[in-house]
Amino acid sequence: MPSRTLAAAPLALLLSMPLHAAPDPADWDAVRNEARGQTVYWNAWAGDTRTNRYLEWVNQRMQDEYDVTVVHVKLDDTSAAVSRVLAEKSAGNREDGSIDLIWINGENFAAMRAADLLFGPFAERLPNFALTYPEHNPEVVTDFTLPTEGFEAPWGKAQITFYFDSAEIDSPPRDIEALLAWAEANPGRFTYPRIPDFTGSTFLKQALLALSDADEALYAPVEESDFTAVTAPLWDYLDTLHPHLWRGGRQFPASGPELRNLMSDGELALAFTFIPSEPAAAVADSELPPTTRSYVLEGGTLGNVHFVAIPFNSPHKAGAMVVADFLLSPEAQARKQDLAMWGDRTVLDVARLDEQAQALFALDEENPAMLPPDALAMTLPEPHPSWMTALQEAWLERYVRN
Amino acid sequence: MILRLAPVLIVTLLVGPILAGLAMAVLPAFGYLPALGGDTLGLAPWRQLVAQPGLWRSVAVSFTSGLVTTAVSLVVVLLFLASATGSRLDHWIRRLVSPLLSIPHAAAAFGLAFLIAPSGLVARLVSPGLTGWERPPDLLIVQDPWGLSLMAGLIIKEIPFLLLMSLAALPQLDPERRVAIARSLGYRPTIAWLKVVAPALYPLIRLPVYAVIAYATSVVDVALILGPTLPPTLSVSILTWFNDPDLSRRFMASAGAVLQLGVTAAALATWWCLECLATRLIRHWIDRGGRRHGEKPLHLAGKGLILLASLIAFIGIAGLALYSVAGFWRFPDALPQSVTTTHWVRALPSLAGPASSTAIIAIASTLIAVVLALAALENEQRTGRQPAQGRLLSALGLLYLPLIVPQIAFLFGLVVVMESLGTRPQHGLVIFGHLLFVLPYVFLSLSEAYRRFDPRWTRLALTLGASRNAAFWRVRLPLLLAPMLTACAVGLAVSIGQYLPTQLLGAGRVPTVTTEAVALASGGNRRAIGVWALVQASLPLVGFTIAIGLPRLLWSNRRGMRGTP
Amino acid sequence: MNDRHHLALEQIRITLGEVTLLELDAAVGPGEVLTVMGPSGSGKSTLLAFVAGFLAPAFQATGRIRLDGRDITRLPAERRGIGLLFQDPLLFPHLSVAGNLRFGMPRSTPDRSDRVEDALGEIGLAGFGDRDPATLSGGQQARVALMRLLLSAPCAVLLDEPFAKLDTHLRHEMRQLVFSRLHEAGLPSLLVTHDREDAEDAGGSLIQLSA
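Protein chains in written order, with my numbering: chain A, 1 to 402; chain B, 1 to 565; chain C, 1 to 211.
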């Protein structure tokens, strides 16, 4: 009997509490108090067992430290979460949504912002946010050229990284032009994911940035420039490249991970990924040979930051904010960057952290499949999201058989 | 009284959500979706849809793959039954039907892809010895633009389904006697079966055949793995549009969903016309009276084709199993260089939750479905109103609506409906969603045996003074235990395989082995996929094992219970 | 089983659409057998279905069935008190021999196990209670089926060609057994058959139906 009364007490308390307005991130203590006992449903892509493991670790730490339970709602595609929030809004569910936190960036963020589906601003009020030193690192407050305005909190970094088997290739192509020559010399050994896949679309942007002279036009909405003229060099390039691609360019793999499988099968000799640690992780999982090496193109490659955001109708906003703040802590960021855990790069400005925190990020050992830390310094910012959509449509128009 | 409500309950339970879901797809298809600022009706989404590159090719692939898959599967099943009935192969295949049926579509598709890909198992076995390939050849086999590999993958899965349905319907036709009479008139056995049994069998399995057409025209998971890509099938395109970060594409996606419904309907209509044509041709063939011609090739095809299909399915699964323990495995090695348990060890801790919620949902939805199906069938017996055999258009025939209407056409709309009704995503809602698909399959599997059940048993029980209810519980139920358990196993397998209903109605909060497997598949790690696909396939196998084993155990001392009643 | 029962079939007329299948007016006294003969399609089985309470909805029937004066025409089958013996013994395959015998015994019957044992002894099957019915011979099964019927304590009995499937030598033996037991129990019986010998052994009145 006593145990039953005990169990009922918090429930009764909960029920007697009035429904109140969204928590104010300015009063952090209040947020933390309110978060206690909450369960945060975090919708995140779950295609990688390492990522999933890291999220489970976050759950453990949040339970121990903050009495917040984190449930990883596993998605095969982030837009499923966008659909869900949209469906809830359509149905008039404004307070009791099913999602508390979304792993998000780019087009999905732009779409949710435009449709007023996000809660905020909150990110800049998170205590740990200061560790990103946004004044020195504008990418943590910019998502595909759009200012985040505090509607999402930075979490990790991605950048286009090429990889190859050093047992087979001595010197891989170092820029987009050399890539074409290499493909001509090695027919069928390179390809990129099918549009509208995210990684594939990024390849188009990468090529366009390298081939076009109108770089600045790409950082403004596409409507403001002459799309045909700006992209003409890209289509010329692709028209020449495609016959030398895998399957003669008549077929493309579905996604970035699919590229990795083709590398693993020996069908491709050269591939790229948006996750710099992916080749090293794949070597560790015996998917790729130990002779795998990574590099970035000369002049840099596209990179971006990924974020977490809170839907407007999340019933556990306080809990979600506490999680977002924990994700920005040196402890969580360092753990995430550890290849043994996941290998996702930190968004903190490590050089500006205190010594104790810096020590957390020290690399124990060199992994030959991993990029040297300075290689990722040459990060090209993402163009305006409207370019992605326009490029995707033009690509499909051009290369899909009717 | 409660019994009499069962058919009404079933029809409202199934038809209501589908119509509501369809309505919520039709409105945005004509521009109405206030949450995205669409508050006027118009044809803009359709114009946008028609302007999509490759749309008509997508439609054509969906349409033809549906028809070809169904035709080939049906022919293989009929030829097998014609040529192998009573043989050792027959015995064998009958045993394999259940495990084959329990392999999830996606797992079978992964298995096939891994088998026939240029870097696949077949190429590895013959390389470099026979082919000289040191490296996979650059050949377009999997995901070919004509959808051939897609159709192959579907055929492998639809054969066991049609076979199970045929085996359930056959006994009432007394095929042995029919064939014996025809043989006494000089017909060779295979020809005899095709001429005297097949025409009578087809009307009994027509509904499952229609379900196969509808499924094959609108399938998503298999098409993602094996289907063409530039453009993909219509259903895959629709899913891509629904998932497009550009929310304005939802209007076009809804129009696509309505178009998908049209494509499925057109495929069904075409099949119906082909049926009429085939009926004439076959009548002509029968009338001509040929008794021997073609026996040999038909016989060989009947045995060979099904053997090939079963082998492909099993070797594909074996390949997945091998991958789940593979260390580094490079082309053209036929076997991995090393074996590791890493992937299993990594998966095990996260298995328990999804596995138990999969079991809870599958058992609950199956139990509800079985109770409702039994109630409806028992009501039918007591009122003496049975629909004519193979007839589609009875009121209870609406039960099969979920099998005919493509999931993708109504599920997105159903989510909005459920949200508006204030139901929040949880196990209950997911169970309800599964029930939509479990109930028709359970009914389909159970109804034949129930309606065929010798009415004298019940009469006997009643004249011995047992009440209607006692006759049901003490006679009919025990005697029908075996088919009932098979229906349960089919129901469990259907529930376990559901992806879209689980993910959409559960808001992803209700993880099952299937949602986990699909989420992981997006990461492309074949070793992890192998682990989860095996887990996903083994759960329904448990159900089928119980369905076969339990009656044997219970009736080990009752010889009269060994065959199906 | 000393009760004496009367079965009366008053002005029975069964039709299918416009066609009249049969018309009948008869009374069967305690221990008597009324034999109805006729070729297939003459409506014999329909008559039995009507009296037992299983008439398919397609048929229309007028007239009254009285059992011991009580009108049972509208009663459901299980409350009519009419037992049925089929061509096949139809022993429930999932129950043991004893389970089959117990199935029809009224709940109020005292000493059920003893009654079952006695009954088995009466038909020469003592100790067969735990057996699987499928292991019995055809004649043994037929005897168990008869005993099961009697133990259910009916007030009247319908016999649907109960000897048609038995071997010739068994047939005569079973007829003797069935008719004598029914007579002893004082049960009015309605026998449907197309075997003239059945009618002769039954010894009661005979109604011939035309096709």
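Keep in mind the hints are simulated off the structure, nothing from the lab. Remember, predicted model here, so these are calculated numbers, not experimental data. Glycine included, C-beta positions come from ideal geometry on N, C-alpha and C. Take these hints with a grain of salt, some might be off.
To give a feel for the contact side, a few chain A residues facing chain B, derived at Cβ under 10 Å [as the list claims (entries may be wrong)]:
no.: 1; residue: ALA46
no.: 2; residue: ASP48
no.: 3; residue: GLU88
no.: 4; residue: ALA269
no.: 5; residue: PRO290
no.: 6; residue: VAL350
Hints, one by one, checked against the model:
1. ALA46: Holds, because the Cβ-Cβ distance from ALA46 (chain A) to chain B comes to roughly 4 Å (cut-off 10 Å).
2. ASP48: holds (5 Å)
3. GLU88: Check passed: Cβ of GLU88 (chain A) comes within 5 Å of chain B, closer than 10 Å.
4. ALA269: holds (9 Å)
5. PRO290: holds (8 Å)
6. VAL350: violated (28 Å)
The structure fails hint 6 only (numbered hints given earlier).
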